[in-house]
Amino acid sequence: MFARNQWYVACTPAEIDDKPLGRQVCGERIVFYRGAEGQAVGLEDWCPHRGAPLSLGRVVEGRLVCGYHGLEMGCDGKTVAMPGQRVRGFAPIRSFPIVERHGFVWLWPGDPAKADPAAVPDLKWAQDPAWAYGGGLFHIACDYRLMIDNLMDLTHETYVHATSIGQKEIDQAASSTRVDGDQVVTERFMNGVQAPPFWQMALRSHQLPTDQPVDRWQICRFSPPSHVMIEVGVALAGQGGYHAGADQKVSSIVVDFITPESDTSIWYFWGMARNFRPDDKALTAQIRDGQGKIFSEDLQVLVQQQRNLLQWPGRELLKLNIDAGGVQARKVIDRLIAAEQVAAPGLA
Amino acid sequence: MFARNQWYVACTPAEIDDKPLGRQVCGERIVFYRGAEGQAVGLEDWCPHRGAPLSLGRVVEGRLVCGYHGLEMGCDGKTVAMPGQRVRGFAPIRSFPIVERHGFVWLWPGDPAKADPAAVPDLKWAQDPAWAYGGGLFHIACDYRLMIDNLMDLTHETYVHATSIGQKEIDQAASSTRVDGDQVVTERFMNGVQAPPFWQMALRSHQLPTDQPVDRWQICRFSPPSHVMIEVGVALAGQGGYHAGADQKVSSIVVDFITPESDTSIWYFWGMARNFRPDDKALTAQIRDGQGKIFSEDLQVLVQQQRNLLQWPGRELLKLNIDAGGVQARKVIDRLIAAEQVAAPGLA
Amino acid sequence: MFARNQWYVACTPAEIDDKPLGRQVCGERIVFYRGAEGQAVGLEDWCPHRGAPLSLGRVVEGRLVCGYHGLEMGCDGKTVAMPGQRVRGFAPIRSFPIVERHGFVWLWPGDPAKADPAAVPDLKWAQDPAWAYGGGLFHIACDYRLMIDNLMDLTHETYVHATSIGQKEIDQAASSTRVDGDQVVTERFMNGVQAPPFWQMALRSHQLPTDQPVDRWQICRFSPPSHVMIEVGVALAGQGGYHAGADQKVSSIVVDFITPESDTSIWYFWGMARNFRPDDKALTAQIRDGQGKIFSEDLQVLVQQQRNLLQWPGRELLKLNIDAGGVQARKVIDRLIAAEQVAAPGLA
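Protein chains in written order, with our numbering: chain A, 633 to 980; chain B, 633 to 980; chain C, 633 to 980.
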């Protein structure tokens, strides 16, 4: 169950630069490629001739040419040509609203009439040269909501990421959760703690001392359908914490776009945006490698948790205070899905 | 759904020379081996004692000895002996009509009473020393009819086999299809074209020039249950094409026996028969390697097409003029299956 | 279908010495670990917080700490603590009766009230320093009863283990089977035969001649739920056979604990106990390697037999005299399962 009238991250621009990409998103098998003007396109991955996936073909002058018998598909899902054939009567295939923006290709799997490009999230860090971004993609066999839960309850860092970003104080500092319309914010502040290894590395790369206590913060922001942006950082203790001057702190935004592939699998686009040394590509690579290593520690837990939930389908999960972010996010999702079903029964 | 009262290629003779072969054909799990006179035998792959596959056993003096507890099975499916046991009352297992002919082992999965060895296809090239044959076997996860479609519409060569046998003129020359009883013939003639790489190789091996235009032909012949023989060749242009003298052309027969394993998988016996330099074993090997490489290019398309069809089970496929060969072949198959079901309801 | 009010071997002590072990036994997903006193513990592998498998966590001072968010689980299945939480109301998880004895960890998957530690089998060889034991563990995709059949009918040795312990005389010497309460004994005596390779090795290691005929015996003892102990040995011919003096024979006990994982897969704990040269660790290793090699020969037969049985679910198997041990063992199992279902309908 997914909200469908939403923009999901489907792929990165680089994934469709050289050849078509076949990827299932929200249960739909879709081929992504670039049309004649270089625009990103998303169509059903189905050749109307004999049903071969169009993603096995190639793009010639902006037309997607089927790799089986040469049918040429247009960006609107209508067949343009086929050797020796009149194609006017060929049944069209579904064309999905697509927007390329902020370094991602966004897909709208729902009603095209409702697809408003202005509704693509406004990612300030993606437009501002004072910021740099690096990230990656994982395919994980779990419900997308398990990953939202994961990111809205960072107490797991103490256990899953004990050697990098975890520290005992995360458990000890209570988090608070608030709901603001469709957004859910869970935040936690830890003052006068020692920076864990990942943040020591960040402090060093910022020429800040690592042997002094810091004030640390984590502000997790869920927004529909399944995005979680987390402001994280540390400041030298007593300098104002989150509000400390730029030369007293290291901060960044953990970026998480969680795109359902099916009910039990996701494409997880993760990354980090930072507003210091934005031109230092070596630092971008170093952070990405570190983050990739840390985030890969979540995979086994999520996959095995999903497996357990399927094995024991009837069992209740606890909803503790630390779970409030995920619980509230699920309520938002459920509300959006219910609203879609009222508007168009049978859609999902 | 397969026609059952038909001869299917089950294996090659070499596959059963040294030990029993367990293979599923038309949904039946069968053990193939050689009996006391060296004759090919096909039995249910089931030991009546405890259900172990007989194909794990060995052949001793023409008796198939179960590898678990030594039951000795006869070629008729009746237990011959078992250490310390009286076997007269043991339930027989099914013995399938088998014919070894033309370099293949043929299986009749249907009613044994109707199995006429004379109905095994008459392959002239297999009996004539002026011809040579080389081929191989692929296991492919697709409906056998998708492979028939593939072979009856060679416009796919332009796209799938662009670097070997494909050429734009295949698209441009219209094919014609005719039905003659249970046989379907689709043919295409391309005159005054340049020979594609595979045929240049063949011309060279025939001491014919490769820098001159050629007349090229493709004559696809479907016959039940799922055999497709394709006469292919090129002649120096203007010398009579298909009817040119033997010293002006290079031709061969592409041999395709498509044996269903299940509804969505096949054993694909492919090969090429040629009537030039039949004793040149190096040439046979060279052609087989080339053909194997070319035919392997079809695998991904067929497997992914099958996957798409299973994902979208209700969708119609187009039936264009280029698809006529496959469409007509399917009609023949459907008619044969329907006739079997009238004759023996519930058989398939 | 398993008898549940029974002790099953779940793992070896070494498997839980260093970290928790997640293993499915009798359809239950269980985490095994050592509590504060070093005692073996078995709990449902489910964290009551968010359903992650507890086996991904670690043991701290005898508490099992969930690897996701740090919930601390007690040996009784009740949550002991969780950072920042009151845990009194947390739903308990199931704790299974466990006994560590005779070099194995025993699990009682049924009604805990009926779990009597005194009912764990009394393995004399495991307690007596005059005996040594070595063994291993296989995971096999077959019904546990197929393995019982296998071990209660050793005529398969002639075919499956032809090069090690098999010999033609096994087929020729009739076995006899008797039932004694819940125990089933099948025995076979072969007098004046040549020792097969495995036993020649054993004779040599015992400084006994290998060029003389021997009397050989096999006494298979099934006991519920799925244990098979086989007394095997050879004595120099005419010295009393099974009852020959210790310096005239080589004997041992083949130990088989067959623990269902699911209806079609098992954990197979195999080994050999011997009462000669018990301190010779090199000999223990040598025998274990040899036995492992021999027992691995059964794997393919059992897996393929299971596959055949699933393919042909309705087919009857023969119940010959050689099958009497397995047939009687199944009757005991069926009787125990039926009795449990009368006592607690719906349990299994």
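Please keep in mind that the hints were generated in silico from the structure rather than gathered at the bench. Keep in mind the model is a prediction, meaning the values are calculated, not measured. A few of these clues could be false.
Pairs of lysine-lysine residues, derived as DSSO-like cross-links and limited to a Cα-Cα distance of at most 27 Å, are as follows [claimed, not checked]:
1) B/K800 with A/K651
2) C/K710 with A/K800
3) C/K925 with C/K800
Results for each hint:
no.: 1; hint: B/K800 with A/K651; verdict: holds (22 Å)
no.: 2; hint: C/K710 with A/K800; verdict: holds (23 Å)
no.: 3; hint: C/K925 with C/K800; verdict: holds (20 Å)
Comparing the model with each earlier hint shows no violations; every hint is respected.
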